[in-house]
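A.B. asks: Sequences are here, hints too, so could you generate the full structure?
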Amino acid sequence: MNESKGAGVPIKTEPDSQITSADSTVLAEEKPWSVYLIRMRNNSLYCGVTVDVLRRFSQHQSGKQGAKALKGKGPLSLVWSQEVGDKRLAMQLEYRIKRQTKAKKEALIKGEWNVSSLILSK
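Take the sequence shown: its letter number 102 is residue 102 in the UniProt record's numbering, and every next letter is one higher.
Worth double-checking, as some hints may not be accurate.
Label-pair restraints from in silico Cβ distances [claimed, not checked]:
id	residue 1	residue 2	range
1	Leu89	Ile109	19 to 29 Å
2	Lys64	Trp113	32 to 42 Å
3	Lys71	Ser117	29 to 39 Å
4	Val79	Ser117	18 to 28 Å
5	Arg41	Lys98	18 to 28 Å
6	Gly72	Glu30	31 to 41 Å
7	Asn114	Asp86	16 to 26 Å
8	Asn43	Gly111	10 to 20 Å
Hints listed in this document are in silico derivations from the structure and should not be mistaken for laboratory results. Given the structure is predicted, the values throughout are model-derived calculations rather than measurements. Note that CB positions come from ideal geometry on N, CA and C, so glycine has one too.
C.D. replies: Written out as structure tokens, the structure reads:
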């Protein structure tokens, strides 16, 4: 049995074992969700959630499976991301970040403001 590490948790895999789509769904549910901000060419910010920030950013850049809001707005820059835990919390934070002013989002990017205040507020 091989042992590999993913997100700090050892994952044991059998050699020659195949992962079915049901298995990959379970694996995706175990990964922590992240919230991220992407800066567009016009300096606007796009907020999203995913379990794999780099994969999702790559999708946005390629235009394939990327958000319609980002098509034709490149070059894109991934400027901030944070793991937050489960999907529900990630989506709540995404909603709350989107409602913040541009100045607050810029402060978040610079590390001058923390999303923990959004987690605590209801």
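A.B. asks: Against this structure, judge whether each hint is valid.
C.D. replies: Hint-by-hint comparison with the structure:
1. Leu89 to Ile109: 19 to 29 Å: Holds: the Cβ-Cβ distance is about 20 Å, inside 19 to 29 Å.
2. Lys64 to Trp113: 32 to 42 Å: This hint holds: roughly 33 Å between Cβ atoms.
3. Lys71 to Ser117: 29 to 39 Å: For Ser117 against Lys71, whose Cβ atoms are near 33 Å apart, the range 29 to 39 Å holds.
4. Val79 to Ser117: 18 to 28 Å: 20 Å, holds
5. Arg41 to Lys98: 18 to 28 Å: 20 Å, holds
6. Gly72 to Glu30: 31 to 41 Å: 35 Å, holds
7. Asn114 to Asp86: 16 to 26 Å: 19 Å, holds
8. Asn43 to Gly111: 10 to 20 Å: 19 Å, holds
When held up to the earlier numbered hints, the structure conflicts with none and fits them all.
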